[in-house]
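So the sequence lines, in the order shown, correspond to chains A and B. For what it's worth, the working numbering labels the leading residue of the first sequence as 1, then goes sequentially. For what it's worth, the working numbering labels the leading residue of the second sequence as 90, then goes sequentially.
Quick caveat, the hints were computed from the structure, so don't treat them as lab data. Using N, Cα and C, we set each Cβ at its ideal position, and we do this for glycine too. Careful: at least some of the hints might be erroneous.
Stated by the list, open to error - The list that follows gives simulated cross-link-like pairs (lysine-lysine, DSS-like), each with its CA atoms no further than 25 Å apart:
id, chain 1, residue 1, chain 2, residue 2
1, B, Lys98, B, Lys129
2, B, Lys547, A, Lys67
3, B, Lys399, B, Lys386
4, B, Lys101, B, Lys129
5, B, Lys386, B, Lys129
6, B, Lys547, A, Lys8
Claimed, not checked - Have a look at the derived ranges for each label pair, beta carbon to beta carbon:
id, chain 1, residue 1, chain 2, residue 2, range
7, A, His27, B, Leu445, 37 to 43 Å
8, A, Gly45, B, Gln433, 56 to 62 Å
9, B, Thr165, A, Gly45, 46 to 52 Å
10, B, Thr413, A, Thr6, 33 to 39 Å
11, B, Ser584, A, His27, 37 to 43 Å
12, A, Thr6, B, Phe573, 41 to 47 Å
As the list claims (entries may be wrong) - Listing some non-contacts, in silico: residues in chain B with all C-beta distances to chain A over 12 Å:
id, residue
13, Leu192
14, Lys314
15, Asp630
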Amino acid sequence: MMNTNTFKIILRQSTGSLERILRLIRHRGFEVNYCLAREEALENGMSVTLQLTSERSAENLYHQLHKLVDVVEVHQQAHSKLRSCLGNE
Amino acid sequence: MRGADYLIKTLKRHQVETVFGYPGGAIMPIYDALLGSGIKHVLCRHEQGAVFAADGYARASARLGVCMATSGPGATNLVTGIANAYMDSVPLLTITGQVNSQLIGTDAFQEVDTYGLSLPIVKHSYLVQRIEDLPRMLNEAIQLAQHGRPGPVLVDIAKDVQLAELPAASLAYSQQLDTQLKAHSTSELPAESIESASLLLSQSSRPLVYAGGGVGLAQSCGELKQLVDEFKLPTVTTLKGIGAIPSDHSYNLGMLGMHGTKTANNAVQACDLLLVVGARLDDRATGNLQLFAPDAKVIHIDCDRAEINKLRQTDVSLVGSMSTVLRQLHQHTLPRFQHHNAHQWRYQCLQDKARLAARYDAPFTSIYAPALLHRLSCLSSGSNTFISCDVGQHQMWVAQHMQFHAPHHHLSSGGLGAMGYGLPAAIGAKLAQPECTVINVSGDGSIMMNIQELATLKRYNIDVKILLLDNQRLGMVRQWQSLFFDKRFSEIDLSDNPDFCRLAQAFEVPSLSINKAEEVEHALQTFLNTKGSFLLHVAIDPDDNVWPLVPPGKSNSDYIEEIKT
Numbered sequence: 001m002m003n004t005n006t007f008k009i010i011l012r013q014s015t016g017s018l019e020r021i022l023r024l025i026r027h028r029g030f031e032v033n034y035c036l037a038r039e040e041a042l043e044n045g046m047s048v049t050l051q052l053t054s055e056r057s058a059e060n061l062y063h064q065l066h067k068l069v070d071v072v073e074v075h076q077q078a079h080s081k082l083r084s085c086l087g088n089e
Numbered sequence: 090m091r092g093a094d095y096l097i098k099t100l101k102r103h104q105v106e107t108v109f110g111y112p113g114g115a116i117m118p119i120y121d122a123l124l125g126s127g128i129k130h131v132l133c134r135h136e137q138g139a140v141f142a143a144d145g146y147a148r149a150s151a152r153l154g155v156c157m158a159t160s161g162p163g164a165t166n167l168v169t170g171i172a173n174a175y176m177d178s179v180p181l182l183t184i185t186g187q188v189n190s191q192l193i194g195t196d197a198f199q200e201v202d203t204y205g206l207s208l209p210i211v212k213h214s215y216l217v218q219r220i221e222d223l224p225r226m227l228n229e230a231i232q233l234a235q236h237g238r239p240g241p242v243l244v245d246i247a248k249d250v251q252l253a254e255l256p257a258a259s260l261a262y263s264q265q266l267d268t269q270l271k272a273h274s275t276s277e278l279p280a281e282s283i284e285s286a287s288l289l290l291s292q293s294s295r296p297l298v299y300a301g302g303g304v305g306l307a308q309s310c311g312e313l314k315q316l317v318d319e320f321k322l323p324t325v326t327t328l329k330g331i332g333a334i335p336s337d338h339s340y341n342l343g344m345l346g347m348h349g350t351k352t353a354n355n356a357v358q359a360c361d362l363l364l365v366v367g368a369r370l371d372d373r374a375t376g377n378l379q380l381f382a383p384d385a386k387v388i389h390i391d392c393d394r395a396e397i398n399k400l401r402q403t404d405v406s407l408v409g410s411m412s413t414v415l416r417q418l419h420q421h422t423l424p425r426f427q428h429h430n431a432h433q434w435r436y437q438c439l440q441d442k443a444r445l446a447a448r449y450d451a452p453f454t455s456i457y458a459p460a461l462l463h464r465l466s467c468l469s470s471g472s473n474t475f476i477s478c479d480v481g482q483h484q485m486w487v488a489q490h491m492q493f494h495a496p497h498h499h500l501s502s503g504g505l506g507a508m509g510y511g512l513p514a515a516i517g518a519k520l521a522q523p524e525c526t527v528i529n530v531s532g533d534g535s536i537m538m539n540i541q542e543l544a545t546l547k548r549y550n551i552d553v554k555i556l557l558l559d560n561q562r563l564g565m566v567r568q569w570q571s572l573f574f575d576k577r578f579s580e581i582d583l584s585d586n587p588d589f590c591r592l593a594q595a596f597e598v599p600s601l602s603i604n605k606a607e608e609v610e611h612a613l614q615t616f617l618n619t620k621g622s623f624l625l626h627v628a629i630d631p632d633d634n635v636w637p638l639v640p641p642g643k644s645n646s647d648y649i650e651e652i653k654t
């Protein structure tokens, strides 16, 4: 069954950091339906909002994103539930 | 100080003594800084050889492996080795030269997007285009490669950055990552998770430990053995977990999975509790995941949260420092564990192990590779021998028939399965452990993938023994074509192999070739006792296959036993 999830990711902005998360999302079996990336108020930060669809577990993707070095925070929203965590815990 | 000098100085500050590599245009300033630095550089004959050697060095020593190459083809030749280190969580620092920053993106000579190539196969990577960024990026890279779950980190440095003078102010780089990593190291396990795991373990009547490569990486073999000994827990290992519990430990049932022992696979399918320690439930280990360990509750211990529930839903997960988790689990379980609960289970496992043990007494006149490897293991056993494999049938025979007392003595390309790994990895291992015996067990397909590294053996007079099992075929592919493709043998014939002894001779490596069982004992003695490197060429029957075998997509209980093909 296809599920749709919204992820909000705060990145430490560096060369290719956006490319890195998009690559991971593709490789782990998710389609990007929507993507908005913008500079974040925090120094060298970038905020990325993504709406993703897949048959695969969003929880697994959440943890894969979460361990990327440039990821500072991940927030996942699905079925009106919100989970969030600081990156690199 | 130039960027290149800073790089070398930083490697020395991190106690890097040996690096493997191959120079070229875009990395010349770094090779210039290397001269007279005191760091030993091992010039391999192909960048893939260099990265595999750095990997072998890292695995054998539990230290950071370092390799370097130039831009373009130098970097692309590293790709397989970086992916190999990524799949097997090896701490590896890869330095590549890049064209001048102004030329990046102009299709310059020997320019390739190394950073882009690296993205799927590294823990992290950096492209250094400003000298000011070099200190932070380099120091982060060295830390990241070794911290938590280890892995490869790539630093691609533009040539002009290597040549640029480093402003003094840049040395005070941000310590942001240091702080994050320290915070992670001190995170504590929730007490209720340990309590839940302890209850499951103590109440189980058929518990089984499933130990993976993470045990050795975390240097937690002692803690695991204590748990296994105290609670008399039958244990199976993955390919990379071999040695986490000594092969001759009474409760070690052997490797599970596609070419696992019948005892191990039977136990996994019958257990009611699976204690997964530092393993990622790889498909080669689990077989059909839906049918894997059908009656088992699962406790999963790992340092990487992303491995939990990735493939199999766990009942309790314990994420953190493996040694700490194992010690806490031991302490919590000790007061409540009832040995008699699992008495019948233990008895059954040990009976199975004795009944289904491999036999080596068949009266063959040709050489039976499993028997030869078993004998080699008996002759070379002890804490001083490292075995480096390539990939294929011989790799599985090593896993099945040789004995290991520590995981880092078994160097095998587990996740990626990269042919050509064995010889350069053995070179790296020998340089890391010069007092130890290092043996590369290879096949006639694999050895040719990095045969040029015989020149590295010769140049540095490195004492690596090469045991070459030659069936003049790509044996594992042939076995699968035989079993699953109606014996339609496609492109597996290597009967035009070179004369391997003459080839060795060209590199001044002494050799011996045998093809009869009666020659094995004397040949192995010669092999082990000859001072310096040696190649023992062993002709084996192409019809000898690896058994048992769980066909792809099947349950681990549906293994095929020997079929003559």
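| Hints the structure fails to honour | 2, 5, 6 and 9
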